[in-house]
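Given the coordinates of chain A, work out where chains B and C should sit on it, guided by the hints.
Residue numbers (this note's numbering), protein chains in the order written: chain A, 1 to 57; chain B, 1 to 243; chain C, 1 to 232.
None of these hints come from the bench; they were simulated from the model.
Just so we're clear, the structure is a prediction, and the values are computed from it rather than from any experiment.
Be a bit skeptical, because a hint or two may be false.
[Unchecked claim] Under the rule of at most 20 angstroms between Cα atoms (straight-line distance), these lysine to any residue pairs were calculated in the SDA-like manner:
#1 Lys218/C to Glu47/A
#2 Lys4/C to Asn41/A
#3 Lys57/A to Lys74/C
#4 Lys55/A to Thr107/C
#5 Lys74/C to Asp137/C
#6 Lys218/C to Asp45/A
#7 Lys222/C to Glu56/A
#8 Lys98/B to Trp32/B
#9 Lys74/C to Arg215/C
#10 Lys43/A to Met25/C
#11 Lys43/A to Glu224/C
#12 Lys4/C to Ile36/A
#13 Lys57/A to Arg227/C
#14 Lys4/C to Gln232/C
#15 Lys222/C to Arg38/A
#16 Lys222/C to Leu49/A
#17 Lys98/B to Val80/B
#18 Lys4/C to Arg40/A
#19 Lys218/C to Leu49/A
#20 Lys70/C to Asp238/B
#21 Lys4/C to Val33/A
#22 Lys43/A to Asp137/C
#23 Lys222/C to Glu47/A
#24 Lys55/A to His212/C
#25 Lys149/B to Arg216/B
#26 Lys229/C to Leu42/A
#27 Lys222/C to Leu46/A
#28 Lys218/C to Arg15/A
#29 Lys229/C to Leu49/A
#30 Lys43/A to Lys70/C
#31 Lys74/C to Asn225/C
#32 Lys43/A to Thr223/C
#33 Lys222/C to Ile28/A
#34 Lys218/C to Ser3/C
#35 Lys57/A to Val65/C
#36 Lys218/C to Val33/A
#37 Lys70/C to Val232/B
#38 Lys218/C to Ser34/A
Okay, here's what each chain looks like letter by letter:
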Amino acid sequence: MLNTILQQAPAETTRYMVAGYSVIFSVIFLYVVSLIVRRRNLKRDLEILDELESKEK
Amino acid sequence: MQPIPHAENQVKTKEPALGVTQFIRSLAAIIWKDLAAELRSRELLSAMLVFALLVILIFNFSLELDAQARSTVTAGVLWVTFAFAGTLGLNRSMAMEKDRGCLDGLLLAPVDRSAIYFGKAIGNLIFMLIVEAIVLPVYSVLYSVNLFKPGLLLVILLGSIGYVAVGTLLSSMAVQTRTRDVLLPILLFPLIIPVLIAAVKGSTGFLQGAQVVDIRPWINLLMVYDVIFVAVAFMVFDYIVEE
Amino acid sequence: MESKPRLLAILDIVTILLFITAVGMVFFYAPLEAVMGQVQRVFYFHVANAWVGMLGFLVAAIAGVAFLRKSDRKWDIVGMAAVEISFVFFFIAIVSGSIWARGSWGTWWTWDPRLTTAAIVELVYAAYLMLRQGIEDPDRRARFGAVYAILSFISVPLTFISIRIFRTIHPVIIGSGAAGAEGSFEMTPKMLQTFMFSLLTFSFIFADLLWHRIRLGKLADKTENLRLKVLQ
Numbered sequence: 001m002l003n004t005i006l007q008q009a010p011a012e013t014t015r016y017m018v019a020g021y022s023v024i025f026s027v028i029f030l031y032v033v034s035l036i037v038r039r040r041n042l043k044r045d046l047e048i049l050d051e052l053e054s055k056e057k
Numbered sequence: 001m002q003p004i005p006h007a008e009n010q011v012k013t014k015e016p017a018l019g020v021t022q023f024i025r026s027l028a029a030i031i032w033k034d035l036a037a038e039l040r041s042r043e044l045l046s047a048m049l050v051f052a053l054l055v056i057l058i059f060n061f062s063l064e065l066d067a068q069a070r071s072t073v074t075a076g077v078l079w080v081t082f083a084f085a086g087t088l089g090l091n092r093s094m095a096m097e098k099d100r101g102c103l104d105g106l107l108l109a110p111v112d113r114s115a116i117y118f119g120k121a122i123g124n125l126i127f128m129l130i131v132e133a134i135v136l137p138v139y140s141v142l143y144s145v146n147l148f149k150p151g152l153l154l155v156i157l158l159g160s161i162g163y164v165a166v167g168t169l170l171s172s173m174a175v176q177t178r179t180r181d182v183l184l185p186i187l188l189f190p191l192i193i194p195v196l197i198a199a200v201k202g203s204t205g206f207l208q209g210a211q212v213v214d215i216r217p218w219i220n221l222l223m224v225y226d227v228i229f230v231a232v233a234f235m236v237f238d239y240i241v242e243e
Numbered sequence: 001m002e003s004k005p006r007l008l009a010i011l012d013i014v015t016i017l018l019f020i021t022a023v024g025m026v027f028f029y030a031p032l033e034a035v036m037g038q039v040q041r042v043f044y045f046h047v048a049n050a051w052v053g054m055l056g057f058l059v060a061a062i063a064g065v066a067f068l069r070k071s072d073r074k075w076d077i078v079g080m081a082a083v084e085i086s087f088v089f090f091f092i093a094i095v096s097g098s099i100w101a102r103g104s105w106g107t108w109w110t111w112d113p114r115l116t117t118a119a120i121v122e123l124v125y126a127a128y129l130m131l132r133q134g135i136e137d138p139d140r141r142a143r144f145g146a147v148y149a150i151l152s153f154i155s156v157p158l159t160f161i162s163i164r165i166f167r168t169i170h171p172v173i174i175g176s177g178a179a180g181a182e183g184s185f186e187m188t189p190k191m192l193q194t195f196m197f198s199l200l201t202f203s204f205i206f207a208d209l210l211w212h213r214i215r216l217g218k219l220a221d222k223t224e225n226l227r228l229k230v231l232q
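So that you can see chain A by itself, here it is in the shape it has in the complex:
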């Protein structure tokens, strides 16, 4: 009782924190995943091209 007279409690903003960190984590995660996927695709392309090159020879 005394608390509310002396000092207000902090605002209830937990859901915004959750929203904020969801964005932060998910976008970082997605970017890292995209790097991995792109690397894998390039590796595969490189393999195919290597095969084609050796066949040409």
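Chains B and C alone, transformed into the frame defined by chain A:
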């Protein structure tokens, strides 16, 4: 097709263009080439002008302004108009250069690269100033506002210089891409925000008769911007046109 | 170049550990802010992300200058990597900043100099990416990218200053709270420590991702060259 005075013909020299007089001669030749071509066809100026007037007209209907609101918004309307018409001018100016093969011709000529940049930039500036010189009285008449204050004209000059300095540089890049015309505003507008802010605030200041000491920061900002970007353009233009 | 260098593997591990620690600090070590409540915790990573964005911009501009002077392909790869990472992290910074603003001041956007400049920089990155996409020739693409990175890097401080002056003369009250008062809370020592540690962590994240992205760029180059050779 009428013959267009080519820069190569004007610059009659047996040795590479060295020295200040040669530089100025090349510069003058390039500027004159653009002006003479424009005098004959008038396609660039008429396009910019009609566009600018249309934009002013659209503003009249999209922003329902009473006399009071107008005084605060005039500078903004003018500068948005100049920014968009300016884009048109920059695009066309470079496109004509490239399409007629003039750019390649200029690059082969014994002309200092920076003379090409300055020549194009000054040409673009002249066109922009001409359009502004026509839009201002028209706006004055349409909205009964006196726009002939020397401070305002100074701001418009400084702002146009900054706009054209960066715009000429970027349009010489944009014209060499696939997306061309569309790309120039996208490249240009984020970079000229300081010019727009300073020009609008400075213009509003002079229009509303504010103290010069209040307007000073904006004029300083414009001058700093102009100096920095002209210097940078000087250093960087070579890399844009090298083959 | 096929296998991951030892140093990079170590950097990966260090970065992950730092990240976990930072998250722990943000949620358990840093105290609850008295007025804003939990949403204030977003501040730590929001600023750290913006910091990474700015770092990337600087790296891109330096890489641009280096490329123009040396014409070495690798600088173009570095520049592209830096811009891409900055683009992603600035995006995170802007969105998290918006969420923080909403949670603290009830408004999704404040036109304060920092957030506005961040939005402009994000558009600059988009323009950079579109410029590169519109050019076929790799050398020209690299040159133009370098030039634009340099030009835009120079314009951003001027942009920030002009918006700053604009805002001090016209403090606009947006929404209910006093907008533009970023960081308008008292930072206790524990908060400061969390903040500094977040900055450190994200610097490592930037370096780590940059290295990975550069490797990816080199691989892409190699593949492209081979493709041109084989498919004529």
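For each hint, the structure was consulted:
no.: 1; hint: Lys218/C to Glu47/A; in the structure: holds, 16 angstroms
no.: 2; hint: Lys4/C to Asn41/A; in the structure: holds, 17 angstroms
no.: 3; hint: Lys57/A to Lys74/C; in the structure: violated, 30 angstroms
no.: 4; hint: Lys55/A to Thr107/C; in the structure: violated, 63 angstroms
no.: 5; hint: Lys74/C to Asp137/C; in the structure: holds, 16 angstroms
no.: 6; hint: Lys218/C to Asp45/A; in the structure: holds, 14 angstroms
no.: 7; hint: Lys222/C to Glu56/A; in the structure: holds, 18 angstroms
no.: 8; hint: Lys98/B to Trp32/B; in the structure: holds, 17 angstroms
no.: 9; hint: Lys74/C to Arg215/C; in the structure: holds, 10 angstroms
no.: 10; hint: Lys43/A to Met25/C; in the structure: violated, 38 angstroms
no.: 11; hint: Lys43/A to Glu224/C; in the structure: holds, 12 angstroms
no.: 12; hint: Lys4/C to Ile36/A; in the structure: holds, 13 angstroms
no.: 13; hint: Lys57/A to Arg227/C; in the structure: holds, 15 angstroms
no.: 14; hint: Lys4/C to Gln232/C; in the structure: violated, 31 angstroms
no.: 15; hint: Lys222/C to Arg38/A; in the structure: holds, 14 angstroms
no.: 16; hint: Lys222/C to Leu49/A; in the structure: holds, 11 angstroms
no.: 17; hint: Lys98/B to Val80/B; in the structure: violated, 27 angstroms
no.: 18; hint: Lys4/C to Arg40/A; in the structure: holds, 14 angstroms
no.: 19; hint: Lys218/C to Leu49/A; in the structure: holds, 16 angstroms
no.: 20; hint: Lys70/C to Asp238/B; in the structure: holds, 14 angstroms
no.: 21; hint: Lys4/C to Val33/A; in the structure: holds, 17 angstroms
no.: 22; hint: Lys43/A to Asp137/C; in the structure: violated, 23 angstroms
no.: 23; hint: Lys222/C to Glu47/A; in the structure: holds, 12 angstroms
no.: 24; hint: Lys55/A to His212/C; in the structure: violated, 32 angstroms
no.: 25; hint: Lys149/B to Arg216/B; in the structure: holds, 16 angstroms
no.: 26; hint: Lys229/C to Leu42/A; in the structure: holds, 16 angstroms
no.: 27; hint: Lys222/C to Leu46/A; in the structure: holds, 8 angstroms
no.: 28; hint: Lys218/C to Arg15/A; in the structure: violated, 42 angstroms
no.: 29; hint: Lys229/C to Leu49/A; in the structure: holds, 9 angstroms
no.: 30; hint: Lys43/A to Lys70/C; in the structure: violated, 29 angstroms
no.: 31; hint: Lys74/C to Asn225/C; in the structure: holds, 14 angstroms
no.: 32; hint: Lys43/A to Thr223/C; in the structure: holds, 8 angstroms
no.: 33; hint: Lys222/C to Ile28/A; in the structure: violated, 27 angstroms
no.: 34; hint: Lys218/C to Ser3/C; in the structure: holds, 13 angstroms
no.: 35; hint: Lys57/A to Val65/C; in the structure: violated, 41 angstroms
no.: 36; hint: Lys218/C to Val33/A; in the structure: holds, 18 angstroms
no.: 37; hint: Lys70/C to Val232/B; in the structure: holds, 18 angstroms
no.: 38; hint: Lys218/C to Ser34/A; in the structure: holds, 16 angstroms
Against the hints set out earlier in the document, violations occur for numbers 3, 4, 10, 14, 17, 22, 24, 28, 30, 33, 35.
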